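K.L.:
Sequence:
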Amino acid sequence: MNWNEILFWLLKSGLFFFILITACAYYTLAERKVAGFIQDRKGPNRAGFWGLLQPLADGIKFLTKEEVFPVQVNKVMYLIAPAISMTCAIMAWSVVPLGGQIPLPSWLQEKTGLTFLDLQIANPDTGILFLFAISSLAVYGIIIAGWASNNKYSLLGAVRSTAQMISYELPLGMSVVSIVILSGSLRLTDISASQVGLWNIFKLPGFIAFCLFVVAMFAETNRLPFDLAEAESELVVGFHTEYGAFKFALFFIAEYMNMITMSCVVTLLFLEDIRFRSEF
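Numbering of the sequence shown is given in my numbering, commencing with residue 26 and proceeding in unit increments.
It is possible that part of the hints are untrue.
Below are the DSSO-like pairs computed for lysine-lysine, each with C-alpha atoms no more than 30 Å apart in a straight line [unchecked claim]:
| id | residue 1 | residue 2 |
| --- | --- | --- |
| 1 | K100 | K90 |
| 2 | K100 | K86 |
| 3 | K90 | K58 |
| 4 | K67 | K86 |
| 5 | K58 | K100 |
| 6 | K86 | K37 |
| 7 | K90 | K177 |
| 8 | K86 | K177 |
| 9 | K37 | K67 |
| 10 | K37 | K100 |
It should be emphasised that the hints constitute simulated quantities derived from the structure, not laboratory data. Given the structure is predicted, the values throughout are model-derived calculations rather than measurements.
Sequences are here, hints too, so could you generate the full structure?
P.N.:
And the structure:
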């Protein structure tokens, strides 16, 4: 691998990260808009046209707020916890393909030595296994956050969230086993390509696995109705009660990154073939 290839890979990784951060930002806006519609109100509508700059305003707010450290916290672990959650979310996304291979123009082929652009940062042989391994490590960020905060609400929220994530990893893994057997590969691109002509959801074990995966997916990402870890009437906001400013933003972004990642994975495993064909 020469320096041009390394630079090209770094630029591609940076572009993917920018796309992911932008998607997370506008997922929050979409969620708030839908919540506003359900509650018969407009939702965010002050920043920009139709409130489209609200995510940017939120980002500036998080970056410029004062960093406050509660007296009782373990500062080292308190800072490490959001970094672990964010790192695991980014690493899990790195093996998710956004598409197949796109032919590069001749002038770019000469400079990079590459013929095609892979719409994926990394494509290991054990892609789905790597994804589950990284997702399992994200539990440490949550439990460390609850313990380091030295707060009963944070600790109870962390214990609940950790127990829920560990519990639902079993049905999540079992649902994927049937898909791996059907496709004969652990590589995400191979699993997607094996669905040409008939999606896995329309196969008997695939449909059952899909139902299991969707239920477990909501539990893994701590979304409704599996939000006991952040029960506001009991635990304030759960394990990140003592976090604010940029530290809270890292947890917030990691949560939405995980939602996007799981949505992409359920699509790859059950719903479609993502390869770009030559006629496009």
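K.L.:
Each hint: holds or not?
P.N.:
Okay, the hints, checked on the actual structure:
1. K100 x K90: holds, 18 Å
2. K100 x K86: With a Cα-Cα distance of about 23 Å, the restraint between K100 and K86 holds, given a limit of 30 Å.
3. K90 x K58: Holds: K90 and K58 sit about 24 Å apart, inside 30 Å.
4. K67 x K86: The hint holds at about 21 Å.
5. K58 x K100: Distance ~36 Å between K58 and K100 Cα, so the pair is violated.
6. K86 x K37: With Cα atoms ~28 Å apart, K86 and K37 stay inside 30 Å; holds.
7. K90 x K177: holds, 25 Å
8. K86 x K177: holds, 28 Å
9. K37 x K67: Judged against 30 Å, a Cα distance of about 37 Å means the pair is violated.
10. K37 x K100: violated, 35 Å
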